[in-house]
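Enquirer: Which chain is which? The protein sequence lines are A and B, in order. First residue of the first sequence: 6, per the numbering used here; consecutive thereafter. First residue of the second sequence: 8, per the numbering used here; consecutive thereafter.
Errors might be hidden in some of the hints.
[Said to hold, decoys possible] Derived SDA-like pairs (lysine to any residue); straight-line CA-CA distance at most 20 Å:
no., chain 1, residue 1, chain 2, residue 2
1, A, Lys21, A, Asn207
2, B, Lys241, A, Phe72
3, B, Lys118, B, Lys101
4, B, Lys241, A, Asn207
5, B, Lys241, A, Lys117
6, B, Lys241, A, Gln79
7, B, Lys12, B, Gly78
8, B, Lys241, A, Gly69
9, B, Lys241, A, Val43
10, B, Lys203, A, Lys122
11, B, Lys203, B, Asp30
12, A, Lys122, A, Ile185
13, B, Lys241, A, Pro80
14, A, Lys117, A, Glu16
15, B, Lys241, A, Glu66
16, B, Lys138, A, Ala76
17, B, Lys203, A, Glu16
18, B, Lys241, A, Met73
19, B, Lys241, A, Ala76
20, B, Lys12, B, Ala27
21, B, Lys203, A, His12
22, B, Lys203, B, Asp87
23, B, Lys249, A, Glu66
[As the list claims (entries may be wrong)] Pairwise CB distance ranges (calculated):
no., chain 1, residue 1, chain 2, residue 2, range
24, B, Lys138, A, His12, 47 to 53 Å
25, A, Arg148, B, Gln205, 47 to 53 Å
26, B, Glu238, A, Asp68, 14 to 20 Å
27, B, Gly72, A, Glu33, 58 to 64 Å
The hints are simulated quantities; they were obtained by calculation from the structure and are not laboratory data. Note that beta-carbon positions come from the ideal geometry of N, C-alpha and C, so glycine has one too.
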Amino acid sequence: MERTTPHFHEELDALKARLLEMGGLAEEKVRLSIQSLVERDSALVEEVLAGDDPINRLHIEVDGRGFMLLALHQPVATDLRMIVSAIKINTDLERIGDLAVNIAEAARRYLKHPPVKPLIDIPQMATIAQTMLRDALDAFVRRDPALAQVVLDSDDRLDALKTQVFRELLTYMLQDPHTIEPGLDLILVSRHLERIGDHATNIAEDVIFMVSAKDVRHQTLDDRPIR
Amino acid sequence: MTAVKIAAEQVNFFYGAKRALQDITVAIRPHVVTAFIGPSGCGKSTFLRTLNRMNDLIPETRLEGAIRIDGQDIYATSVDVVALRRRVGMVFQKSNPFPKSIFENVAYGLKINRLANGRSDLADRVEESLKAAAIWDEVKDRLHEPALSLSGGQQQRLCIARALAIKPDILLMDEPASALDPIATQRIEELIYQLKDQYTIVIVTHNMQQAARVSDFTAFFWLGRLVEFDETRKIFTAPAEKLTEDYVTGRFG
Chain A
6 MERTTPHFHE ELDALKARLL EMGGLAEEKV RLSIQSLVER DSALVEEVLA
56 GDDPINRLHI EVDGRGFMLL ALHQPVATDL RMIVSAIKIN TDLERIGDLA
106 VNIAEAARRY LKHPPVKPLI DIPQMATIAQ TMLRDALDAF VRRDPALAQV
156 VLDSDDRLDA LKTQVFRELL TYMLQDPHTI EPGLDLILVS RHLERIGDHA
206 TNIAEDVIFM VSAKDVRHQT LDDRPIR
Chain B
8 MTAVKIAAEQ VNFFYGAKRA LQDITVAIRP HVVTAFIGPS GCGKSTFLRT
58 LNRMNDLIPE TRLEGAIRID GQDIYATSVD VVALRRRVGM VFQKSNPFPK
108 SIFENVAYGL KINRLANGRS DLADRVEESL KAAAIWDEVK DRLHEPALSL
158 SGGQQQRLCI ARALAIKPDI LLMDEPASAL DPIATQRIEE LIYQLKDQYT
208 IVIVTHNMQQ AARVSDFTAF FWLGRLVEFD ETRKIFTAPA EKLTEDYVTG
258 RFG
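Given these sequences and hints, build the entire structure.
Expert: Written as structure tokens, this is what we have:
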């Protein structure tokens, strides 16, 4: 039985649309920040650092919409899970936007030095992180827990690459102290990308919860149904 | 300045010696849904009924203060109460269709007020009203069957159609869904939402969640006083008064 009114569902759709808009902006920001680093494009760095406002505005708007829907419509079941998930995903997307800014800040410092080495693993990490984010958002739109699971499964590769980047840069830095500053910035970038993957993982977990009411976080606690 | 449809100023209302409303001052805006909430006996229904002078029908009652609709004092001696109630329609808790056909229930007000030009205009207006009340599709093939053969939810929407037929600009609703099941309630709520573009709606409800779902503004009454009046989103997320907070969170009494 549909307990709620059609205008509630319109509001729900609007919430979803705004959240996806936010997801699109976060994706774009990550893409541009990495591009600015890889292509050594200082102008692009400044462009990324200039605009955080649309994401921040949406962050507040999405939370506000979710909050009002909970307060005024007393949603239950799938509607309730969708709104709670949207509020949580919103936080992850905002953090991803911040991490893209952090990457651009690291790029700004990095570009003041000659390249430490050709960038290979970092672009690869970026590709994985961006794919995870895109898949997580697609899984949300399509209500597709299988795709969300693909995101969860990708995270290990990202973590492994981060460790590899760290070890490799360490050898450069030990050999030549001039590479310490730019080397640290590349390590930071790899760390930010790894964090973006973590947020994409959170989103994917929320999608699974939204669709199947299963809490798949902290798997060591077993696959618990919600209580 | 924001538009005001109904303005109550320092309204006091008495049943005999008992004061049921104390110094109610409130400005209700046009084309929004305003909900009155509060525990039983708080005065919300009494106040609703002062807005089209339904309380006049109760002996030994008295009103002090002023209520203005579109700036006009509706308690002025020159006011034609019947004309007032034509402008300010009402729907009650218990649906109360006339023991006539579905068609005649809606046509009745049009006929006695001579609002229709001939049979086809009458039929058109009945259809229009039934459509506005979102019941046309369910009754169009049985217009001449008794209204009392309809379900409770249908009867209530028929009563709304009857109220709309004479083109009021304000619709007062006193617990319009409290006797209905959840599906019928939902239809009434959705109808209220749709009607606010054309009417100013004031609804009394015991069901706080209903007030939250359908209204734009909410007034919380307690012991005959208006404790708080604000946007519904404010009342249900961050009310200014402790009493309101206690009531909407269910911590009352």
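Enquirer: Please go over all the hints and tell whether each is borne out by the structure.
Expert: Going through the hints against the structure:
no.: 1; hint: A:Lys21 to A:Asn207; result: holds, 17 Å
no.: 2; hint: B:Lys241 to A:Phe72; result: holds, 12 Å
no.: 3; hint: B:Lys118 to B:Lys101; result: violated, 24 Å
no.: 4; hint: B:Lys241 to A:Asn207; result: violated, 32 Å
no.: 5; hint: B:Lys241 to A:Lys117; result: violated, 51 Å
no.: 6; hint: B:Lys241 to A:Gln79; result: holds, 16 Å
no.: 7; hint: B:Lys12 to B:Gly78; result: holds, 8 Å
no.: 8; hint: B:Lys241 to A:Gly69; result: holds, 12 Å
no.: 9; hint: B:Lys241 to A:Val43; result: violated, 49 Å
no.: 10; hint: B:Lys203 to A:Lys122; result: violated, 66 Å
no.: 11; hint: B:Lys203 to B:Asp30; result: violated, 28 Å
no.: 12; hint: A:Lys122 to A:Ile185; result: holds, 12 Å
no.: 13; hint: B:Lys241 to A:Pro80; result: holds, 18 Å
no.: 14; hint: A:Lys117 to A:Glu16; result: violated, 48 Å
no.: 15; hint: B:Lys241 to A:Glu66; result: holds, 16 Å
no.: 16; hint: B:Lys138 to A:Ala76; result: violated, 31 Å
no.: 17; hint: B:Lys203 to A:Glu16; result: holds, 17 Å
no.: 18; hint: B:Lys241 to A:Met73; result: holds, 10 Å
no.: 19; hint: B:Lys241 to A:Ala76; result: holds, 10 Å
no.: 20; hint: B:Lys12 to B:Ala27; result: violated, 23 Å
no.: 21; hint: B:Lys203 to A:His12; result: holds, 13 Å
no.: 22; hint: B:Lys203 to B:Asp87; result: violated, 26 Å
no.: 23; hint: B:Lys249 to A:Glu66; result: violated, 27 Å
no.: 24; hint: B:Lys138 to A:His12: 47 to 53 Å; result: violated, 19 Å
no.: 25; hint: A:Arg148 to B:Gln205: 47 to 53 Å; result: violated, 37 Å
no.: 26; hint: B:Glu238 to A:Asp68: 14 to 20 Å; result: holds, 18 Å
no.: 27; hint: B:Gly72 to A:Glu33: 58 to 64 Å; result: holds, 59 Å
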